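> Those protein sequence lines, which keep their order, are chains V and S. Going by numbering that gives the first Met the number 0, the first sequence opens with residue 0, and the numbers climb by one from there. Going by numbering that gives the first Met the number 0, the second sequence opens with residue 0, and the numbers climb by one from there.
There could be a bad hint or two in this list.
Distance windows between CB atoms, simulated [what the hints assert, rightly or not]: (1) S:E149 with V:E179: 48 to 54 angstroms; (2) V:E172 with S:D228: 55 to 61 angstroms; (3) V:P117 with S:A141: 40 to 46 angstroms; (4) S:N207 with V:R177: 47 to 53 angstroms.
Hints were generated in silico from the structure; no laboratory data involved. Note that the coordinates shown come from a computational prediction; the quantities given were computed from them, not determined experimentally. Just so you know, even glycine gets a beta-carbon here, dropped at the ideal spot from N, CA and C.
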Amino acid sequence: MPPQQGSARMRQRTVLLVGIAVLLAALVLAVVLASLLTHGRHEVSPQMLKWKDRGTTKNLQEVILGRCYNYITAQHPELGDKDCQKIWESLKDAFIYKNPCNITPEDYQPLMELASHPIPCNKSLFWSKTGDLVHRYTKSNQNFLTLEDTLLGYMADRISWCGDPSAPGINYESCPKRSECESNPGSVFWKMASKMFAEAACGVVQVMLNGSVEAGAFRSSSIFGSIEIFNLDPDKVSKVHIWLMQDIGGPQSESCSGHSIQRLISILEERNFKIICEDNYRPVQLLQCVHNPDHTDCRLCTNSTAIP
Amino acid sequence: MMMSRLFPLLFISVLCMNSFSGVQGRKWKGEGTTQNLESIVIGRCFNYIRIVNPAVGEKNCSQIWEAFKNAFINKDPCNILPKDYELFINLTFHTIPPNKSLFWENNQLLVNSFADRGRRYMSLGDTLFGFIGDFLNWCGQADSPGLDYESCPTTLECENNAVESFWRMASITYAQHSSGVIQVLLNGSAEGGAYPQPGFFADYEIPNLQKGKISQIFIWVVDDLEGPDLDSCGIRSVKTLETRLKTLGYDVTCTDNNKSVMFLLCLDNPDNSKCALASSAPAVQRGPISSDRGGSWNKLMFVSFAGFLFRFALVY
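Please model the complete structure; the sequences and the hints are all you need to start from.
This is the structure:
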């Protein structure tokens, strides 16, 4: 073969090889870039809506299932026929893949039916602005039940959840606050559960209110003031017993003769309930004294020679 | 012919014996494993790290369940030792805040209330490892990976059972990592003494306290409200305990009927004389204001005021 043709072919081959190499390099670069970008997108999930409140509690399924089984097995064996797996599924279906500002009571209807259970008469204990004290009380004294001591309330207490139309359907980053939209999964849940809790009450019902709050012990905008009192059944509930608790050593903003209490009493009277109001109901005051044993309000009668 | 008639009879009698033994011949005297144990254990683990005490950080709850289960499954249920739970303890371990340890004997429910879910004190039941096991029951069986849901050995039947060894290991760990001021709540009305021996506190906790880490020990002896005052500071079993701890070199203070705890006991029995508060007016005077009386109170006040005015007018 003549030398010029040989070198031309060599050059062609070189160019071809270089061209292929460049193409390959470009391909690899493109793939790397693409994977980096999509990986970044998965981490940030820009498609999910962003809200102002904390997101869904991590490991929600395990927590809910565990609490359900804990409640029916270890604490309330009379509810042994409850199906915790179905209860979890019905909670999930209520909000998963849905816009969290569009939740309706109907979404929660299956859950409410599966998880509700009867409440013994004379045991219902409502509360407003006394969350800490009332639950310490029911933990120490099994005679009363707040909503958070029923299966539904027990499972959902201090937990948050909300969905999103894009995968995976649950938003762990953020959830809407009430101020962003009222029909969010948490608010709708608690409103419905509170309504059912009130409807189920019978006999004497109790309510623990806070007499040390400036804005008044009873507020019409609270869940108690807007939902629970209007869903008590006058045919089932014989009396409403108000426990008006003031902080030990705290401001005595309101007592049973106060304005907001009088308003509450008149609302209840209109619905034909008998009402008793008691300032600083003693058993609960004793619980307050656990944390303030040396306060003058907590001096015991037999206490003259007590060792501190 | 005879044989062919005997066989069905034999077969039926064997069946009957099996079912009979199933009902009557439970292997052990204690309750069987709690139903849904796995879901409860995993659920409690996540509940604790996400809600109850997120300060302990991230834990692998599935691994924790495996470690818990492997401590006792496929083994003779009378041969489970505390060290079988070592991996479980390692995976669930977290520090106990100083001055918050609360030991106890014969008053578990009271301690639960008093500790206030770990906010006031952190009892063993408020740690992750204690929280997981509290009020549950479990055991396995030799040569089978299954849990025994029918019955489990009691400690009287055999000491080295799954639950007993769990609590021994948990108590040892709890004591080893307690520091600062430690509190011990004892029941002065308990038969057998406020400080029981043998007992978890005596045998597994005191021997594992780390002297260098502990500044003070407070012993609180509280009687049941309507219970007998069998034991108190300075006498009987409590004296034994005080002596033992002082000999070990601890700074020990003992108090009878600690006020805070008394108030807690009073919740169930507020009308007991020991629970009368000096500040509260008798119920009749302060009295509930009822809606029935609402109207009549107003009338009464008005009439009294009118009467006063009338008399005033008469006088002048």
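> Each hint: holds or not?
Each hint tested on the structure:
no.: 1; hint: S:E149 with V:E179: 48 to 54 angstroms; result: holds (53 angstroms)
no.: 2; hint: V:E172 with S:D228: 55 to 61 angstroms; result: holds (58 angstroms)
no.: 3; hint: V:P117 with S:A141: 40 to 46 angstroms; result: holds (44 angstroms)
no.: 4; hint: S:N207 with V:R177: 47 to 53 angstroms; result: holds (50 angstroms)
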